[in-house]
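**Q** Start from the sequences, fold in the hints, and give me the full structure.
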Amino acid sequence: MSEFDPDGPTDVAPGEDDAESVLTYVVGLGLAVALTIVSFFIAGTSLVWGPSIPVALTVLAIAQMGVHLVFFLHITTGPDNVNNVMALAFGVLIVMLIMAGSLWIMSHMNHNMMPMEQLMQMQR
Amino acid sequence: MSGAAATDPHRLGRSSGHRHAASEHAAGGLHAKRIITGYGFWIFLLSDIIMFSGFFAAYAVLSGNTADGPSGKDLFDLRNVAIETACLLFSSFTCGIGGIGAHTRRGLWFYGAMTVTFLFGAAFLALEIHEFADLVARGAGPTRSAFLSAFFTLVGCHGLHVTAGLLWLLTMMAQVFAKGYRADILRRILCFSLFWHALDIIWVALFTVVYLMGAGQ
Numbered sequence: 001m002s003e004f005d006p007d008g009p010t011d012v013a014p015g016e017d018d019a020e021s022v023l024t025y026v027v028g029l030g031l032a033v034a035l036t037i038v039s040f041f042i043a044g045t046s047l048v049w050g051p052s053i054p055v056a057l058t059v060l061a062i063a064q065m066g067v068h069l070v071f072f073l074h075i076t077t078g079p080d081n082v083n084n085v086m087a088l089a090f091g092v093l094i095v096m097l098i099m100a101g102s103l104w105i106m107s108h109m110n111h112n113m114m115p116m117e118q119l120m121q122m123q124r
Numbered sequence: 001m002s003g004a005a006a007t008d009p010h011r012l013g014r015s016s017g018h019r020h021a022a023s024e025h026a027a028g029g030l031h032a033k034r035i036i037t038g039y040g041f042w043i044f045l046l047s048d049i050i051m052f053s054g055f056f057a058a059y060a061v062l063s064g065n066t067a068d069g070p071s072g073k074d075l076f077d078l079r080n081v082a083i084e085t086a087c088l089l090f091s092s093f094t095c096g097i098g099g100i101g102a103h104t105r106r107g108l109w110f111y112g113a114m115t116v117t118f119l120f121g122a123a124f125l126a127l128e129i130h131e132f133a134d135l136v137a138r139g140a141g142p143t144r145s146a147f148l149s150a151f152f153t154l155v156g157c158h159g160l161h162v163t164a165g166l167l168w169l170l171t172m173m174a175q176v177f178a179k180g181y182r183a184d185i186l187r188r189i190l191c192f193s194l195f196w197h198a199l200d201i202i203w204v205a206l207f208t209v210v211y212l213m214g215a216g217q
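So the sequence lines, in the order shown, correspond to chains A and B. Under this note's numbering, the first residue of the first sequence is numbered 1, with each subsequent residue one higher. Under this note's numbering, the first residue of the second sequence is numbered 1, with each subsequent residue one higher.
One or more of the hints may lead you astray.
Selected chain B positions facing chain A (Cβ under 8 Å, derived; list incomplete) [stated by the list, open to error]:
1. ALA57
2. VAL61
3. GLY69
4. ASN80
5. ILE83
6. GLY96
7. LEU166
8. HIS197
9. ALA205
10. THR208
11. MET213
Computed spacing ranges between beta-carbons, pair by pair [claimed, not checked]:
12. B:GLY180 to A:PRO79: 32 to 38 Å
13. A:MET120 to B:GLY156: 30 to 36 Å
14. A:ILE37 to B:ILE185: 35 to 41 Å
15. B:ALA67 to A:PRO51: 23 to 29 Å
16. B:ASP68 to A:THR77: 30 to 36 Å
17. A:GLU117 to B:THR171: 27 to 33 Å
18. A:GLY30 to B:ASP77: 52 to 58 Å
19. B:ALA126 to A:SER107: 34 to 40 Å
20. B:LEU167 to A:MET113: 42 to 48 Å
21. B:ALA174 to A:MET113: 53 to 59 Å
22. A:ILE94 to B:ASP77: 32 to 38 Å
These are computed hints drawn from the structure, not numbers from a lab. Backbone N, C-alpha and C define an ideal beta-carbon position, used for all residues, glycine too.
**A** Below is the structure:
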């Protein structure tokens, strides 16, 4: 891009690409379909060691979200995308805190709580 | 410069360097507005995702509390979920194509792709409503257990978003038809496609956490 190119954007909106092309969406669709099929296959199969299935599903889901972000929402690591990526990073941090924090606290609480039957007995 | 700095204090519309200042100022108006609109809507979407994470956390905590009622393994029909997923994924794809069509002012692309987007979205919604009605008819409504309350809240909230998105899509098609590809209309189309893609991202988390993990337990 030349220095005085009036159309040369130095920052981009999310969902917008310099060379917004159909090909990007086709590649994204292909990857997303592949990851979805693998997810559904792994969930129903007995070929994989059982306890590893939730981990595999989580990894596949995160990969597919990444594919959506890059190919559909055009969030990239380029210097014109820093604002979008910083907002995304903050969002991901909050989501992680809410999810992990809730699960952690609630599992500890369930663990440390008296079984419900005994609790009912005491209240009688 | 001072006016631009007042409306865009964090330089969302421009790079941090000053080299481009002159050309930016001359050409910046349209670009800057589109970028700032997109950025603001991106922040809204992230806050929407954070709201969903609350529902996800509630579901994850309550998913085992079935009150001796049916669990996900008894209820979920993965074939139905696979069709729903395909509908939403393809509608996300055609929505992107429609966005390109609007950007390049090709009516056939825009109207054609957005019509397909609407049909896939409507098919998704019909399948989901059918699933909900079926669950309620089998006595597994939202009042049955904490698990089902959380399930209906989470999936229903996503369904409400899809409903709103479909209405918005129709509005955008009508606005393009009535007003043409004006800059403000194109900005709204950008926001709509961001919204629609974000719904698909939430659905990825949803079918993984709720349906695939629920059916596998």
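**Q** For every hint, state whether the structure bears it out.
**A** Results of checking the hints against the structure:
1. ALA57: holds, 4 Å
2. VAL61: holds, 4 Å
3. GLY69: At about 16 Å, which exceeds the 8 Å cut-off, the nearest Cβ of chain A leaves the hint on B:GLY69 violated.
4. ASN80: violated, 12 Å
5. ILE83: Interface hint status for B:ILE83: violated (11 Å vs cutoff 8 Å).
6. GLY96: holds, 4 Å
7. LEU166: Hint on B:LEU166: violated, closest Cβ of chain A at ~18 Å, above 8 Å.
8. HIS197: holds, 4 Å
9. ALA205: The hint holds - B:ALA205 has a Cβ within 8 Å of chain A, the shortest such distance being about 6 Å.
10. THR208: Where the cut-off is 8 Å and the nearest Cβ of chain A is about 4 Å from B:THR208, the hint holds.
11. MET213: holds, 6 Å
12. B:GLY180 to A:PRO79: 32 to 38 Å: holds, 34 Å
13. A:MET120 to B:GLY156: 30 to 36 Å: holds, 32 Å
14. A:ILE37 to B:ILE185: 35 to 41 Å: holds, 37 Å
15. B:ALA67 to A:PRO51: 23 to 29 Å: holds, 26 Å
16. B:ASP68 to A:THR77: 30 to 36 Å: violated, 50 Å
17. A:GLU117 to B:THR171: 27 to 33 Å: Hint violated: Cβ distance 55 Å, outside 27 to 33 Å.
18. A:GLY30 to B:ASP77: 52 to 58 Å: The hint (52 to 58 Å, Cβ to Cβ) is violated, given that A:GLY30 and B:ASP77 are roughly 27 Å apart.
19. B:ALA126 to A:SER107: 34 to 40 Å: Since the Cβ atoms of B:ALA126 and A:SER107 sit about 37 Å apart, the hinted range of 34 to 40 Å holds.
20. B:LEU167 to A:MET113: 42 to 48 Å: holds, 45 Å
21. B:ALA174 to A:MET113: 53 to 59 Å: Distance hint for B:ALA174, A:MET113 holds at roughly 55 Å.
22. A:ILE94 to B:ASP77: 32 to 38 Å: holds, 33 Å
Hints 3, 4, 5, 7, 16, 17, 18 from the list above are not met by this structure, while the remaining hints are.
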